[in-house]
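A.B. asks: What follows is the residue order along each chain.
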Amino acid sequence: MIYFIDALLWLIAIVLGLIAASRSRHLLRDSVREGVVDCARLLPRIMLGVIGAGYIAALLPQEVVGRWLGADSGFAGLCIAVLGGAFTPGGPVIGFSIGAAALKGGAGTPQVIAYTVAWALFAMQRLFIWELPVMPPRLVWMRVVASLPLPFLAAAGAMLLGRP
Amino acid sequence: MSSEAPLKRRPRKTFDWSSAFIAVTVGVAAAIVYWRDGQARFLEILVSDFSLFVDILPKVLAACLIAAFVAVLMPRALVVRWVGAESGFMGIVIATLAGVICPGGPITIFPIAASFLAIGADIGAAIAFITSWTLLGYARTLVWELPFFGAEFIIWRNIVSLPLPIVAGLLARMIVGLAARKRGGG
Numbered sequence: 033m034i035y036f037i038d039a040l041l042w043l044i045a046i047v048l049g050l051i052a053a054s055r056s057r058h059l060l061r062d063s064v065r066e067g068v069v070d071c072a073r074l075l076p077r078i079m080l081g082v083i084g085a086g087y088i089a090a091l092l093p094q095e096v097v098g099r100w101l102g103a104d105s106g107f108a109g110l111c112i113a114v115l116g117g118a119f120t121p122g123g124p125v126i127g128f129s130i131g132a133a134a135l136k137g138g139a140g141t142p143q144v145i146a147y148t149v150a151w152a153l154f155a156m157q158r159l160f161i162w163e164l165p166v167m168p169p170r171l172v173w174m175r176v177v178a179s180l181p182l183p184f185l186a187a188a189g190a191m192l193l194g195r196p
Numbered sequence: 007m008s009s010e011a012p013l014k015r016r017p018r019k020t021f022d023w024s025s026a027f028i029a030v031t032v033g034v035a036a037a038i039v040y041w042r043d044g045q046a047r048f049l050e051i052l053v054s055d056f057s058l059f060v061d062i063l064p065k066v067l068a069a070c071l072i073a074a075f076v077a078v079l080m081p082r083a084l085v086v087r088w089v090g091a092e093s094g095f096m097g098i099v100i101a102t103l104a105g106v107i108c109p110g111g112p113i114t115i116f117p118i119a120a121s122f123l124a125i126g127a128d129i130g131a132a133i134a135f136i137t138s139w140t141l142l143g144y145a146r147t148l149v150w151e152l153p154f155f156g157a158e159f160i161i162w163r164n165i166v167s168l169p170l171p172i173v174a175g176l177l178a179r180m181i182v183g184l185a186a187r188k189r190g191g192g
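Chains as they are written, first to last, in the working numbering: chain A, 33 to 196; chain B, 7 to 192.
Mixed in with the good hints there might be a few duds.
Taking beta-carbon pairs under 8 angstroms as the criterion, some of the chain B residues facing chain A (in silico) [unchecked claim]:
(1) D55
(2) A69
(3) V86
(4) I129
(5) F155
Far from chain A, some chain B residues (derived; all Cβ distances over 10 angstroms) [what the hints assert, rightly or not]:
(6) L52
(7) K65
(8) A77
(9) A83
(10) L84
(11) S93
(12) L103
(13) A132
(14) G183
(15) A186
(16) R189
Since the hints were derived computationally from the structure, they do not count as laboratory data. We put the CB at the ideal spot given by N, CA and C, even for glycine.
Make the full structure from the sequences, and use the hints.
C.D. replies: This is the structure we're talking about:
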């Protein structure tokens, strides 16, 4: 599955490259150089983010997080879930493993949904390492503000649909 | 093509304060892990995260190349018409669908969204695109989320997340509209 994603990405890149080449050799060379330089500039940040996330996660008290998100923690639990999601470091595994552990440890489904949605949307470390260097800051902050209600809406949706 | 205005690209700095902040945090966390859990655990984390990093590398390079190609190849008139400021509700829906089908890991989406913005996409559509990729993208769900949570939770999470990118996109447009009116009035 992981290699499938790699293959798909490279397939898209190669097809686009061929289209560029058919326009002009010059266009292809410039775009490839642009992409490679971009990637090289991002590398130190990504390295910092990916490798750093492991150390930050190692310090997180997972059982405590799970207890805070209990099924009867109500709205306060939701708020803690959202804050917890935002401050969980943004590696691909960490937020999901904490959420899964919380769910197993008796946390409520709406709380865990709010937690994973908040983590997916706001993980601070990803915001600083990946989004701000790559996108215009205006877009990043606008995205954060516009996304603020979303974890609560997701939790409300889960409650309305009556998932136990 | 040559008659169009040149792309507005932000020069990317090699150093910035946000990265410095994270570097300090990571340094402190790593030191605490070393001091608290010992050298073996410290190295274990380093090795496993480094293999993750190596795994991500080809995805990042592919994404940067795709972003560079998209910036020069996409007909800008088309982007403006489909997801530009005048694209209305449909533009946000189109951006949401694009986010769902877009492959890639966490970082691939950001350069691509930035290049779409540079060639005329509207900020609400760009935000709907990122949000939809973040919450609904099948790649992340299948590779990472499914093994941790199991199918039932995933299905529920995705159902309640379906309308969220559209909400974020509309909200972003509303904020932009309010800010513009304030600036115009004041």
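A.B. asks: Are the hints correct? Go through all of them and say.
C.D. replies: Do the hints match the structure? See the list:
1. D55: Result: holds, 4 angstroms to nearest chain A Cβ.
2. A69: 7 angstroms, holds
3. V86: 17 angstroms, violated
4. I129: At about 6 angstroms, which falls below the 8 angstroms cut-off, the nearest Cβ of chain A leaves the hint on I129/B intact, so it holds.
5. F155: 5 angstroms, holds
6. L52: 7 angstroms, violated
7. K65: 6 angstroms, violated
8. A77: 8 angstroms, violated
9. A83: 17 angstroms, holds
10. L84: 14 angstroms, holds
11. S93: Non-interface label on S93/B holds, nearest chain A Cβ at 17 angstroms vs cutoff 10 angstroms.
12. L103: 16 angstroms, holds
13. A132: At roughly 6 angstroms from the nearest Cβ of chain A, A132/B sits no farther out than 10 angstroms, so the non-interface label is violated.
14. G183: 12 angstroms, holds
15. A186: Its Cβ never comes within 10 angstroms of chain A, the nearest being 13 angstroms, so this holds.
16. R189: 14 angstroms, holds
Consistency note: the structure conflicts with the earlier hints numbered 3, 6, 7, 8, 13.
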